[in-house]
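Residue numbers (the working numbering), protein chains in the order written: chain E, 1 to 524; chain W, 1 to 280.
Hints in this document: simulated from the structure, not taken from any laboratory. Hints may contain errors.
Pair ranges (Cβ atoms, derived) [to be verified]:
(1) Y42/E x L254/W: 46 to 52 Å
(2) R251/W x F479/E: 54 to 60 Å
(3) D107/W x T14/E: 49 to 55 Å
(4) R276/W x I489/E: 35 to 41 Å
(5) T428/E x A161/W: 46 to 52 Å
(6) R192/E x T109/W: 37 to 43 Å
All C-beta atoms, glycine included, are put in the ideal place defined by N, C-alpha and C.
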Amino acid sequence: MSGPSTYEPKSGLTRWLDKRLPIIRLAHDSFVAYPTPRNLNYWWTFGAMLSLCLVVQIVSGIVLAMHYIPHVDHAFASVQRIDRDVPYGWLIQNIHSVGASMFFLAVYIHMFRGLYYGSYKAPREVLWILGCIIYALMVVTGFLGYTLPWGQMSFWGATVITNILGAVPFIGESIQVWIRGGGSIDQPTLNRFFSLHYLLPFVIAGVVALHVWALHESGQNNPTGVEVKSKADTVAFTPYATAKDLFATTLFLILFATFVFYMPNALGHADNYIPANPLQTPPEIVPEWYLLPFYAVLRAIDFNIGPIDSKLGGVIAMFASIGVLFVLPWLDTSKVRSMRYRPIARQFFLIFVVVCLALGWCGGQNPGKILLPATFSATLNWVEGGQVATQAIEAPGESQFDETAAATRASLTQGGAAMVMIQRLNATDASVTSVSGGAAQSRTVTAATQDELEAEIQHLKDEVGARTPFFSVARNIPFTFTVTTFSQILTLYYFLFFLVILPILGLRETPGRVPDTIAKPVTA
Amino acid sequence: MLRTLAISALAAAAVAGVAFAASEAEHPEDHPFSFESPVGSYDMAAVQRGFLVYKQVCSSCHAMSHLAYRHLGEPGGPFALYMVLNHETGEEEPHFGPPHHGGRYVDVTENPYVRSIASDYQINDIDPSTGQPIERPGRVSDRFRSPFPNEAAARASNGGAYPPDLSVINFARHGGADYIRSLLIGYSGEQDGVLYINRYFPGGKIAMAPPLVEGAVPYEDGSPTTVDQYATDVATFLQWASDPHMEERKRLGLIVLAFLFALAGLLYLAYKQVWRGESH
């Protein structure tokens, strides 16, 4: 792709160096002469922003590490000291925490770009997989970093995430203890999380180098998805792509700075300003916004699937939702790269984007929250006045209990009892209370949630309780469309998109007319 | 068709979300604090009064362990002292906060107000000559004195409830200063056992007795000594305590954004210039 090197050293020194370490030649070929498709749009500028984000995070992180203390008693206070007393510590700390969000914002756009324009297809499979590895490392690094301020959300987020690893069969518990460095999140956890949080960004930097290398080998994809065929299709990276990247990156920095200087806490959670307290679980435990979609997938699986219990099912689904990206190049069967020429795929892609956003919303909500109005009702029957009689019954054996109870109930009802209550005491014994005579009463209560319904029932019981020995309660619990139900539908679409829609659609869809070359529609 | 479906699904989700956004506590009352706007600064007189209320009322139960007395007199603090030359008398006069022009910042170690505040407190220390625990008057470098030696002692003195540290309380609560102010004025006067009814507290019942009483803290500047005024002042002070660099942050932000906008403009022109001969 890059072709033969066009670098010519001009001075004696550069000629000397070029014979010994052709590093200037490498830089020239990679970032100056490197041919880029001339039709790249602004979606292609996020790579530059991401490189900048990585540098910003590493530089600000190194400075923060000079002041941060990874100790359960001092971590929170050391972050406070950075914010209050370290010269411009507040600025560096804001840049680092907002920077994490900006990094993820840019990487998500970068990934959706790749998805839309088919940048994962041959010959860019390795480039795509390296990108997936970078993303996975970013997720881990972001999670580890969120633990370090040792606030409530840090502590409990780490507890939840390490807990779910315990769901892995056989080795789960060992892994959990190994990662935590003990039975619970404590000093050893904080120490190793800090160590790894410092290490992983450099691993990311290494994989980024491979990512860029792979990019320069296969060349950039472009909005048409048509490969570069001649020199007419391309322009030199510098100054053309450089100028565009610089402009777009500056716009990105404006957004970045707006958050750093005017909304530094907008993307965080208030609870993380409360020091970690292992004895007090916060009312809601949520990860940072960029992990919310995966959190929703984790919690969507609230049912057992055969031998897989809901907890393990959730973990599998969560890891699969990232894992499926790795095999995407072999799932999409379409010969056409860019969805610009795939009218049907484009619609499904737009839904996919909305689904991802909706999953993020679900991840931040209480999973039991009811989304569509439902009416919970209960009918209470009781008898006012009348004679109350209590007797004990004993079944001959445990298996005959139901039979005996039914017979007792039938005989009492025949004898004129208006209501019968059987309270089982153990395997064979029960206490039977019956009311005969009196006035049968019935009332129905309704509510919008189960909790409210129980409160209504209790309220009614309290109201008439003094005059009546017992109630029979028939609850009518409707199907409710909750955040979990919504997450399940969204999760289903997420996986359908990759595992069914893309493989089948690629074979059946009639694509639009793809231009022969990049230059043709551009210069026409 | 698919697109219509997607849009209607989104709209349905949005409506459902709004319809069921119920919460157990009442939403905090919105107060027009001076620091809320992107260019807003602290009402330093309110921060000073709020500190007074904290000192005389809140600090008997609530620690502020991340703050030191010196923070009160550092640039951006409520007692930051500047000496300003009065051109009529030719003498230097003290001024809290940076004056409009001129003025010489008085280092916090020389600041008589902060020194006096600090020395009002007795701080636990170790006598360097005997090694025995002693109490000595506070210095500007000392952290705010905590009312209790540890959490257990704090709980024991407060019926089992732990009065939270107030250093970053406005960041640690949804609703921030509005919430703190609302909470302080939200008591109904009723009690449920040892708890007090407060409509802004999650769950509606709070262990803290109504802390503010009209007229309890005398103000020298003539501000009304009402519960409402105390609550507003304390909320303002605690906002400063949570975010002491806010004014500097907003000032610097303005410069950075102005620079970035100018740079973006220039880079856009450069980009246009570079690409002018190339179709794309």
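Hint check against the structure, violated hint numbers in rising order
Hints 1, 4 not satisfied by this model.
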